[in-house]
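Each protein sequence line maps, in turn, to chains A and B.
The numbers in my numbering rise by one with no breaks, and the one at position 197 of the first sequence is 197.
The numbers in my numbering rise by one with no breaks, and the one at position 111 of the second sequence is 111.
There's no promise every hint is true.
Distance condition first, Cα-Cα at most 25 Å in a straight line; then the derived BS3-like pairs of lysine-lysine [unchecked claim]: (1) A:LYS394 x B:LYS26; (2) A:LYS551 x B:LYS67; (3) A:LYS129 x A:LYS224; (4) A:LYS276 x A:LYS298; (5) A:LYS142 x A:LYS129; (6) B:LYS26 x A:LYS551; (7) B:LYS40 x B:LYS67; (8) B:LYS66 x B:LYS26; (9) B:LYS66 x A:LYS551; (10) A:LYS298 x A:LYS286; (11) B:LYS40 x B:LYS66; (12) A:LYS142 x A:LYS96.
Output of the computed footprint for chain B on chain A, the stretches with three or more beta carbons under 8 Å from beta carbons of chain B [claimed, not checked]: (13) 494 to 508; (14) 516 to 526.
Calculated from the structure, these hints are not laboratory results.
The C-beta atom is built at its ideal place from N, Cα and C for all residues, glycine as well.
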Amino acid sequence: MPDAILAIDKDGKVITWNQAMEKMTGARAIDMIGKGNYEYALPFYGIRRPILADLVLMPQDEVEGKYDLVQREGKTLTVEIFIPTFGINGSYLWAKAAPLYDPQGEIVGAIESIRDITERKKGEEALLKSEQEKEAILSSLKNVAVEYLDPQMRIIWVNSAVQKSLGLSLQDLRGKYCYKSIQGIDAPCPGCKAALTLQTGHSHEGELVTPDGKTWITRSNGIKGRDGQMQGVVHVAVNITARKLAEENIAAMKQRLADVIEFLPDATFAIDNQGKVLTWNKAIEKMTGARAIDMIGKGDHEYALPFYGIRRPILADLVLLADEEIEKKYSGLQKDGKTLISEIFIPTFGPTGSFIWAKATPLYNSLGNIVGAIESIRDITDMRRTEQTLERSKSELRIASDIQRSFLPERIPPVSGFDLAAAFIPAMEVGGDFYDFIPGDGKLGMVIADVSGKSVPAALFMALSRTIVRINATHHEKGTDVLEDANNMISADSRLGMFVTLFYGVLDQNSRSLVYANAGHPPPLLMRGRSNDFEELEVTGIALGAIGGAKYEERRVDLSSGDVLVLYTDGVNEALNGNCEQYGIERFCSIVRESCHLSAQGILDKILGDISQFSEGQAQFDDITMVVVKAV
Amino acid sequence: MEINHTNIDNVPIVSVSGRIDGVTYKDLETILNELIDQNKSEIVLDLEGVVYISSVGLRVLLAAQKKVRPKNGAVKLVSLQPFVREVFEITGIIKLFSTYPNQREALDGIRL
Chain A
1 MPDAILAIDK
11 DGKVITWNQA
21 MEKMTGARAI
31 DMIGKGNYEY
41 ALPFYGIRRP
51 ILADLVLMPQ
61 DEVEGKYDLV
71 QREGKTLTVE
81 IFIPTFGING
91 SYLWAKAAPL
101 YDPQGEIVGA
111 IESIRDITER
121 KKGEEALLKS
131 EQEKEAILSS
141 LKNVAVEYLD
151 PQMRIIWVNS
161 AVQKSLGLSL
171 QDLRGKYCYK
181 SIQGIDAPCP
191 GCKAALTLQT
201 GHSHEGELVT
211 PDGKTWITRS
221 NGIKGRDGQM
231 QGVVHVAVNI
241 TARKLAEENI
251 AAMKQRLADV
261 IEFLPDATFA
271 IDNQGKVLTW
281 NKAIEKMTGA
291 RAIDMIGKGD
301 HEYALPFYGI
311 RRPILADLVL
321 LADEEIEKKY
331 SGLQKDGKTL
341 ISEIFIPTFG
351 PTGSFIWAKA
361 TPLYNSLGNI
371 VGAIESIRDI
381 TDMRRTEQTL
391 ERSKSELRIA
401 SDIQRSFLPE
411 RIPPVSGFDL
421 AAAFIPAMEV
431 GGDFYDFIPG
441 DGKLGMVIAD
451 VSGKSVPAAL
461 FMALSRTIVR
471 INATHHEKGT
481 DVLEDANNMI
491 SADSRLGMFV
501 TLFYGVLDQN
511 SRSLVYANAG
521 HPPPLLMRGR
531 SNDFEELEVT
541 GIALGAIGGA
551 KYEERRVDLS
561 SGDVLVLYTD
571 GVNEALNGNC
581 EQYGIERFCS
591 IVRESCHLSA
601 QGILDKILGD
611 ISQFSEGQAQ
621 FDDITMVVVK
631 AV
Chain B
1 MEINHTNIDN
11 VPIVSVSGRI
21 DGVTYKDLET
31 ILNELIDQNK
41 SEIVLDLEGV
51 VYISSVGLRV
61 LLAAQKKVRP
71 KNGAVKLVSL
81 QPFVREVFEI
91 TGIIKLFSTY
101 PNQREALDGI
111 RL
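Bound-form chain A, shown alone (with noise of 0.2 Å):
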């Protein structure tokens, strides 16, 4: 389309006023034409004023200053103005105007031509706009470097963050060879992008370690021209040194982990959260016969063959489930956060099944979100076993306790003129110690005895010395061939060096005496009660079961009212305290003393509290056995 012109005299008259004016402004040229007094201005401003036709008749001097926007080139003026008033938002226009002439070459008018350039202006603007923010946005990019390099590799533009870390702006940095300016080498970096798509033409990416040792993610962009020839290329480079660092950190300490795993005794795997197995150590290689090469890497649960011979989830599995999940399906299990420990039977693990121990727990990365588990398994077998062989012959010892204390007699006979009372207290759950009564016509036997050692083995002697003792105290009269008759079958039996120490004595209620033989027993106490003086009923013979063919010899003493008699096995004077002391003779002696005006068993709580209270919680090493026996 032709420009607009319009024309003026030299008195401010619109002499021409063309079709592309009319169209451009919708003034017509009859009303136009020969009108004065900025009539011309009106369609563009809406007011009457000077236009760029006027200043060229305007003295030099006067429009010099006044419009800057204004460009001289010899008496012709061209400006490029946004006039708001004109068209719907305002247009931008372009303008030059010149001096008409007339033949003798003076000024008599002015010419002026106008264009509307809005549509390229806004073009123009538009793209100012965004080569403004793409570069707002590039320089953004603190940690990327982004560099645009001509076809020799110099600098055309870089963002500010290669700026700052070289500590140069974009003037200094512009023209020089890119590599030259940041690496301060005469050659590209080798491997370098830029220059691979300088050569080929195409993007390339990759990782580059440049020689200062920085570890890169590059990528390179090619500009072509409008003939495909390669302008430059846009070098985009993100410094990863810092994370292949924390990389191989975390690789290196992976490798340690694996390397103590390796070496735990316990039998140790573990799986990432898809369940391939990430670690099988040295243990359970051991323990399942499963090498680590054949497991490394394996999923689908694989490691629960060489257990269950089946494939299905295990310990580790658990952990990965939500908490939920597992209560519903896994009550059994103890719980420690998210450790999981079980204890199970599984029966085609082993020759004759296993008893396993395991615990599992998860593995965490840096976020704290779980990456797998790791469990360790231990057999357990051997001591489930033991714990059962023990656990049931604790239980028969409980029987056998309970059976020697149903030997015991359940109450003591009566006597008349005599207060009788007994305790038995074992330092074991069975003992070698022993008392009995064997009743008469008028008469009571009463027998206490020690067998030599302790739990079973002395048990068991004492349930053969007991019958042997009792059959033949019913049999005889004398208690001396009770005790050589005892003694000959019980050596007969005693092949290990078995003995028992036994009194064995007779309380007559007739004639208010004991008769008694002592088979190496601690000679019982007998406290007058007249004098408070003791004497001690003395050893009549060897032990039974020590030698055969023994002989042994009887006694007889004579009892009043208030004498006390305590017969008793060592575990009584040979009671320890802290210090290691014996309670004794002479303390046992004083509390019989100090408690003889009570009942037979009152004496014996006495005696027995005194014991205690001597061996202030000290561990009771040997049965303690007691007959009190108070004539009245």
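Given chain A's structure and the hints, the job is docking chain B onto it.
Chain B only, in chain A's frame:
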């Protein structure tokens, strides 16, 4: 309990010290059984350092004595401390052993 074992003129001399009780008797029993298994029928047992002997201890000595007797051997006891002697005496088991004040006399007794 401590046990030292030497030989003089091919006669084993076992010296014991401490307590011979339900806890320690096993060691002494093992040594005596080993000697008997080696056909040593004469054994000198020096009890000078023994402060206590329980009935289990007596049983071990009695068992040893019972094993060597049929081979015309003997377990000879040396240097019984008063408490130990008392236990041997009360039970009457002392009658089954020869006792000596020192090792020399025990060895001389064997030579006779």
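Q: Would you check the hint for B:LYS66 and B:LYS26, treating anything up to 25 Å between C-alpha atoms as holding?
A: Judged against 25 Å, a Cα distance of about 17 Å means the pair holds.
Q) Between A:LYS142 and A:LYS129, does the CA-CA distance stay at or below 25 Å? A) The hint holds at about 21 Å.
Q | Pairwise hint evaluation, A:LYS96 against A:LYS142, where the allowed Cα distance is 25 Å at most | A | 47 Å, violated
Q. Is the Cα-Cα distance between B:LYS40 and B:LYS67 25 Å or less?
A. Holds. B:LYS40 to B:LYS67 sits at ~11 Å (cutoff 25 Å).
Q: Would you mind confirming whether the straight-line C-alpha gap from B:LYS26 to A:LYS551 stays at or under 25 Å?
A: 31 Å, violated
Q: For the pair we were handed, A:LYS129 and A:LYS224, check the Cα-Cα distance against 25 Å.
A: Given pair A:LYS129, A:LYS224 holds - Cα atoms ~23 Å apart, limit 25 Å.
Q) Taking 25 Å as the top limit, are the C-alpha atoms of A:LYS276 and A:LYS298 close enough? A) Answer holds: A:LYS276 to A:LYS298 is near 5 Å, not above 25 Å.
(Q) Given the hinted pair A:LYS394 and B:LYS26, is their Cα-Cα distance within 25 Å? (A) Roughly 22 Å separates the two Cα atoms, so the pair holds.
Q: Please work out if B:LYS40 and B:LYS66 have their alpha carbons no farther apart than 25 Å.
A: The given pair, whose Cα atoms are some 13 Å apart, holds under the 25 Å limit.
(Q) At least three residues with a C-beta closer than 8 Å to a C-beta of chain B: is that true for the segment 494 to 508 of chain A? (A) holds (count 6)
Q.
Between the segment 516 to 526 of chain A and chain B, are there enough contacts, at least three residues with CB-CB distance under 8 Å, for the coverage claim to hold?
A. With 5 residues in contact (Cβ-Cβ under 8 Å with chain B), the coverage given for the segment 516 to 526 of chain A holds.
Q) B:LYS66 and A:LYS551: Cα distance at most 25 Å? A) Satisfied, since the Cα-Cα distance of roughly 19 Å is no more than 25 Å.
In this structure, the earlier hints numbered 6 and 12 are contradicted, and the remaining ones agree with it.
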